[in-house]
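Participant: First to last, the protein sequences are chains S and C.
Using our numbering, the first residue of the first sequence is number 1, and each one after it goes up by one.
Using our numbering, the first residue of the second sequence is number 1, and each one after it goes up by one.
In short, the hints are calculated from the structure, not lab data.
Quick caveat, the model's predicted, so the values are computed rather than measured.
Errors might be hidden in some of the hints.
Claimed, not checked - For the chain C half of the interface with chain S, some residues (derived, Cβ under 8 Å), not all of them:
#, residue
1, Y123
2, W133
3, E134
4, G138
5, N193
6, M196
Unchecked claim - Calculated cross-link-like contacts (lysine-lysine; reagent style DSSO-like; alpha-carbon spacing at most 27 Å):
#, chain 1, residue 1, chain 2, residue 2
7, C, K155, S, K99
8, S, K41, S, K107
9, C, K155, S, K53
10, S, K41, C, K257
11, C, K257, S, K53
12, S, K20, C, K20
13, C, K20, C, K35
Backbone N, C-alpha and C fix where the C-beta goes; we use that ideal spot for every residue, glycine too.
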Amino acid sequence: MQVPRFWREIPKRYRLEAGKCSKCGYIAFPQRLICPECGAKEFDKMNLAGKGKLATYTIIRVAPEGFGDQVPYAVGVIELDEGIRTMAQITDCDPETLKIGDRLVSKFRRINEEGKTGAIMYGYKFVPDVGI
Amino acid sequence: MREVAIIGIGMMKWGELWEKSIRDLCVEAALNCLKDAGTDRVDSITVGTMSSGLFTGQEHLASIVPDYLGTKNAPAMRVESACASGGLAVKSGFMEVASGLSDFVLAVGVEKMTDVSGGEATYALATAADQEWEGFHGVTFPGLYAMMALAHMEKYGTTREQLADVAVKNHFNGSMNSHAQFPMKVTREQVMNSVMVADPIRILDCSPITDGAAAVLLTTVEEAQKITNHPLTVISGIGHATDTIALSQRSDLYSLKAVEIATERALKMAGKTIENIDFAEVHDCFTIAEIMVMEAMGVVKPGQGGPATSDGFSSLEGSFPINPSGGLKSKGHPVGATGVAQIVEAVNQLRGLSENRQIKNAKTALTQNMGGSGGSSVVHILEVK
Ligand SMILES: [Zn+2]
């Protein structure tokens with residue numbers, strides 16, 4: 001993968017940058033050029049707070065290329081407090097103890113390395129929200 | 001629009017076919033289809049493959065198929081909608097015949113999946129998901145369906161046993177299909193004790209990695225009547241719909257909107273309701289998928305797919321047989337070939353030639369093919385005229 005493909009998504013991956021439709025308030029994460037709800041093309045930039053609850057999840061035991069060293073790891077759909085959903089790994093916990101509805105918070109983490117010479121990719125993972 | 005008939009069907013025994021290349025698979029399925037049709041007239045070709053590039057390094061199958069089939073200079077196009085590529089190839093062929101552009105169109109579906117390692121195949125399949133916002137986080141295809149399964153269990157109380165019963169039924173049906181990759185019967189216990197892939201999905205909940213191809217020959221009813229000795233089978237309805245590519249962006253995590261809409265559209269075009277359908281071949285890429293598809297098609301109410309399966313509702317003798325072929329589970333799932341092979345099974349059933357797994361008095365069939373985690377779906381309705 002060439003670096004620009006990763007680099008251009010950095011505002012979303014590092015800072016959870018989203019777009020709020022200036023007409024109907026729909027929050028697009030990732031950002032879109034057109035609002036899927038009302039068709040408007042104007043969005044205001046906003047940063048998501050990175051807090052929410054687990055809507056569903058799985059524990060990956062057979063990984064795709066590049067993730068083999070991380071198994072078993074949890075991936076889930078997180079319902080953010082802003083009312084939208086996103087997908088991410090859930091870490092810093094025993095995946096066996098996760099439950100739907102668990103409160104989670106996003107953290108900045110290493111996601112993946114492209115072999116020995118490729119880019120190291122960073123982004124958000126979610127961890128149990130212990131209120132600190 | 002001209003009415004479109006299916007006069008030829010062809011495939012081969014699916015499996016890990018190391019001695020056969022992707023072009024061999026296409027040609028073998030096509031030749032079996034033309035032999036079945038009783039004509040070698042091919043005016044145009046459509047080819048469905050999800051990712052011949054990632055699986056074999058070969059794109060441009062639209063040139064390879066006519067070249068190696070000996071239909072020199074015939075027009076051909078490749079279509080792609082992930083695991084629904086085969087259904088889309090049939091739809092594309094239908095459009096060509098119905099519009100009057102061509103009289104005889106061969107629709108071929110193919111995937112050659114064992115020329116790469118298991119890890120590379122898992123990666124290639126995962127490209128049907130949202131690469132930037134799902135694949136980036138290390139999710140796999142079984143992982144996406146596992147998340148839907150857990151959401152479905154939470155919402156409706158669907159049980160691990162009910163998931164297993166989909167596999168038990170489909171392997172039972174597949175045990176009578178000479179084309180099936182895994183024609184062995186399995187028990188509920190075997191499924192529930194098989195290796196965990198992505199909780200709660202186990203290896204026997206998953207369709208396999210398969211090499212295979214399938215082909216159908218489409219023409220007008222008028223031309224078909226001149227050639228075929230079989231009961232005339234027509235495509236009376238086609239429905240096609242899409243949904244968000246990313247699972248997280250859907251309005252809920254336990255239903256398949258694209259399947260629901262595609263089914264409604266196909267039934268409307270055919271002037272039918274789901275009660276008029278005698279049986280269906282559906283996209284059971286994972287056991288949970290068949291349960292969710294049953295609900296999306298309106299065969300049962302939301303949440304009833306699991307209990308209905310365990311009650312035998314969808315067995316060969318049940319009120320609404322599903323996947324008499326053995327489905328993707330037992331027959332195998334060479335992704336681009338699956339949608340075409342569903343039509344092959346439906347036509348064979350409608351001709352009354354399915355031997356031990358024949359559904360009695362089958363006159364109207366539905367096939368449902370699905371891309372990704374439900375990001376696209378193509379539904380066909382077939383009838384004996
Ligand atoms: Zn809007």
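Participant: Hold the hint about G138(C) up to the distance rule: shortest CB distance to chain S must be less than 8 Å.
Facilitator: With a minimum Cβ separation of about 4 Å from chain S (threshold 8 Å), the hint on G138(C) holds.
Participant: Given W133(C) as an interface hint, is its Cβ closer than 8 Å to any Cβ of chain S?
Facilitator: holds, 6 Å
Participant: May I ask you to test the interface hint for E134(C) with respect to chain S, counting a Cβ-Cβ separation under 8 Å as satisfied?
Facilitator: The hint holds - E134(C) has a Cβ within 8 Å of chain S, the shortest such distance being about 5 Å.
Participant: Take a quick look at whether K155(C) and K53(S) sit within 27 Å of each other, Cα to Cα.
Facilitator: holds, 16 Å
Participant: Is it true that the CA of K41(S) sits at most 27 Å from the CA of K257(C)?
Facilitator: holds, 26 Å
Participant: Quick one, are K20(S) and K20(C) close enough, alpha carbons at most 27 Å?
Facilitator: violated, 52 Å
Participant: Taking the least C-beta to C-beta distance, is M196(C) closer than 8 Å to chain S?
Facilitator: holds, 5 Å
Participant: Does the alpha-carbon distance linking K155(C) and K99(S) stay inside the 27 Å limit?
Facilitator: holds, 14 Å
Participant: Interface hint check: Y123(C), Cβ to nearest Cβ on chain S, cutoff 8 Å. Holds or violated?
Facilitator: holds, 5 Å
Participant: For the restraint on N193(C), tell me whether the closest CB of chain S is nearer than 8 Å.
Facilitator: Where the cut-off is 8 Å and the nearest Cβ of chain S is about 15 Å from N193(C), the hint is violated.
Participant: Does K53(S) sit within 27 Å of K257(C), going by the straight-line distance between their CA atoms?
Facilitator: holds, 24 Å
Participant: Run the distance test for K20(C) versus K35(C): straight-line Cα separation, threshold 27 Å.
Facilitator: holds, 20 Å
Checked against the numbered hints given earlier, this structure breaks hints 5, 8 and 12; the rest are met.
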